[in-house]
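**Q** Below are the chains, spelled out letter by letter.
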Amino acid sequence: MRVAVITFPGSNCDYDLYKAAQQVGGQASFVWHRERGLEAYDAVLLPGGFSYGDYLRPGAIARMSPIMEDVIAFADGGGPVLGICNGFQILCEAGLLPGALVRNASLKFASHDVQLRVERVDTLFTSEYSEGQILRVPIAHGDGNYEADVPTLEALEADGRVVFRYVDAHGEATEDANPNGSWHNIAGIVNEAGNVLGMMPHPERAMEELLGSTDGVGLFTSMMVSLSTTSV
Amino acid sequence: MTQYRLEVRVKPRPGLLDPQGKAIHHSLNSLGWSGVDDVRVGKAIYIDMQAESADAALDAADVMCRKLLANPVTEDFEVSLVSEQEAATS
Numbered sequence: 001m002r003v004a005v006i007t008f009p010g011s012n013c014d015y016d017l018y019k020a021a022q023q024v025g026g027q028a029s030f031v032w033h034r035e036r037g038l039e040a041y042d043a044v045l046l047p048g049g050f051s052y053g054d055y056l057r058p059g060a061i062a063r064m065s066p067i068m069e070d071v072i073a074f075a076d077g078g079g080p081v082l083g084i085c086n087g088f089q090i091l092c093e094a095g096l097l098p099g100a101l102v103r104n105a106s107l108k109f110a111s112h113d114v115q116l117r118v119e120r121v122d123t124l125f126t127s128e129y130s131e132g133q134i135l136r137v138p139i140a141h142g143d144g145n146y147e148a149d150v151p152t153l154e155a156l157e158a159d160g161r162v163v164f165r166y167v168d169a170h171g172e173a174t175e176d177a178n179p180n181g182s183w184h185n186i187a188g189i190v191n192e193a194g195n196v197l198g199m200m201p202h203p204e205r206a207m208e209e210l211l212g213s214t215d216g217v218g219l220f221t222s223m224m225v226s227l228s229t230t231s232v
Numbered sequence: 233m234t235q236y237r238l239e240v241r242v243k244p245r246p247g248l249l250d251p252q253g254k255a256i257h258h259s260l261n262s263l264g265w266s267g268v269d270d271v272r273v274g275k276a277i278y279i280d281m282q283a284e285s286a287d288a289a290l291d292a293a294d295v296m297c298r299k300l301l302a303n304p305v306t307e308d309f310e311v312s313l314v315s316e317q318e319a320a321t322s
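In order, the protein sequences belong to chains A and B. Following the numbering used here, the numbering of the first sequence begins with 1 at its first residue and continues without gaps. Following the numbering used here, the numbering of the second sequence begins with 233 at its first residue and continues without gaps.
Bound-form chain B, shown alone (with noise of 0.2 angstroms):
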């Protein structure tokens, strides 16, 4: 089995209005920055986990954000690995 880290970015769906990204938006045009056209806010989770590979892993994660980690209706997702490392035997 190997060690994986993955990463889970979960945004608003585009169209949706995002009133948190706007609120950004607005701010930070009034600190100066005019060329700002939009601002989406989404988060990303990390999880850390063993697989029997990358593939497997990647799959899993597909699953978990289907399931639980993103509102199809309302949000997209894409999943990548951050880093991967023999996980230790006993």
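Chain A with its partners taken away, still in its complex shape (with noise of 0.2 angstroms):
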């Protein structure tokens, strides 16, 4: 698996995805967001951080970056982009995602662990967790706070495009457990083609015991696994 970790001005999760793709056995190579061109890749990674300070909004302005129209050409020829954080914003504010992320509700930046129950283990990032397995992985974010108007909200839940949601010790989405204000405990989407997830939370901050969890070596094993039976 070829691995493209694109890097903003601002980025500051590129190590840690380059070193997610690589113990996976992935082969991890850093994009500079004014670099052109994905063919060489198998799949896309957007890493978390404040790219450009966040001015004006999260994402805004590295979705204008050269590097996001081959972003968006490869989601669009099917390849797997996934975007974690400021990555995640960078997808909806791309229009790769639907919906926005705005200021978590309690106005607080978060930096904790929470709870992720896993909605969807038919995607090609989450293949090799079970169905309803609660994952530990970290968030630090100050604006995650999922939003959408109501038939988007309603479609993604119709469609089963909600792919983890934040929840309690029960494995419950209550409203404790929900740490930024998201609409129905959102924490990760995919779109309708299933090939490209955003996600607040840090699996690629979950991959050592040394650092308290690997239920984030999950995710990318499953993208390892998916690629390798789809690409001949």
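These are computed hints drawn from the structure, not numbers from a lab. Computed from a predicted model, the values in this text were never measured in an experiment. Here a beta-carbon is modelled for each residue, glycine too, at the ideal position from N, C-alpha and C. One should not assume that every hint holds.
[To be verified] Taking lysine-lysine pairs in the BS3-like style, the calculated list, with each CA pair at most 30 angstroms apart, reads:
hint: 1; chain 1: A; residue 1: Lys108; chain 2: B; residue 2: Lys254
hint: 2; chain 1: B; residue 1: Lys299; chain 2: A; residue 2: Lys108
hint: 3; chain 1: B; residue 1: Lys254; chain 2: B; residue 2: Lys275
hint: 4; chain 1: B; residue 1: Lys275; chain 2: A; residue 2: Lys108
[Unchecked claim] To list a few chain A residues with every Cβ distance to chain B over 10 angstroms, as calculated:
hint: 5; residue: Arg2
hint: 6; residue: Tyr15
hint: 7; residue: Tyr18
hint: 8; residue: Gly160
Hey, can you piece these two chains together into the complex? The hints should help.
**A** Next up, the structure:
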């Protein structure tokens, strides 16, 4: 699996993603946002951070980067694209995912572990998890409150495009378990075709027992497995 | 060409939770302004540009809003003309 990690000015999880892809046997490369061309890659990862200092809106300026035209073409061609945290915000700004991520309802930057329930295991990002599995993964964001208009939100639920939800210790999507005010405790969604995933929590920071959790590993092994079975 | 100054006001869409506005609302209430019913926080963006006419400048700003300055999912925008003056000719 040849993986492109797109780096914007202000990205700060790019090395974590690079290491995560390597850890599952992927061949990772950094691609600077001003470069062009993603033909050489099997998957594209948009890292977390604060691209352009979150000026205007998180992800709004990064979305205008030259490489984003190629990311959109890659996604439209069915290539797997994963955006984490700021990467999720960029995917929404770019129109690859519906909705937007607005200021946390608490107005506070939230930096702690959360519990996620895996809602879908038939995606290329989650096939190595089991349905309903609870993951412990960190979050670190000030603008993670997922919003969209009501028809969009209802369609997301009806089509089963919510992949991860914030839940409590019993696996229930309660208000207390919701760290940012997201509608229906949404933590991650896929596009209609299922090849673009955006999520606020950081699986790439849950790859080592030493750092508290290895629950993020499954996401990267899922990508690895699905890519090795689809590419001849 | 004429030099124009435009003001773009971007504000959260009605119905969308605006936690900043809510916090300021509570703060104003606690300062004694009990009659304050609602507060919404947006932003103002000032653009200096040259254009053939005021309409052309306003049209350009409208496109800028749709492409970059506002997110149609969460924000509404308004554009107005602040001032105009003849651009210096060389």
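**Q** If a hint holds in the structure, say so; if it does not, say that too.
**A** Going through the hints against the structure:
The hinted pair formed by A/Lys108 and B/Lys254 meets the criterion: a straight-line CA distance of about 14 angstroms does not exceed 30 angstroms. Between B/Lys299 and A/Lys108, the direct Cα distance comes to roughly 29 angstroms. Compliance with the 30 angstroms bound is thereby established for this hinted pair. For the suggested pair B/Lys254 and B/Lys275, the alpha carbons sit about 16 angstroms apart, so the restraint of at most 30 angstroms is met. Under the criterion of a C-alpha separation no larger than 30 angstroms, the hint pairing B/Lys275 with A/Lys108 is consistent with the structure, at around 20 angstroms.
The non-interface label for A/Arg2 is consistent with chain B: the shortest C-beta to C-beta separation is roughly 32 angstroms, beyond 10 angstroms. The beta carbon of A/Tyr15 sits about 29 angstroms from the closest Cβ of chain B, which is more than 10 angstroms, so the claim that it is off the interface holds. Look at A/Tyr18: its CB is around 30 angstroms from the nearest CB on chain B, clear of 10 angstroms, so calling it non-interface holds up. Against chain B, the non-interface label of A/Gly160 holds: every CB pair exceeds 10 angstroms, the least being about 21 angstroms.
Every hint, counting from the list given before, is met by this structure.
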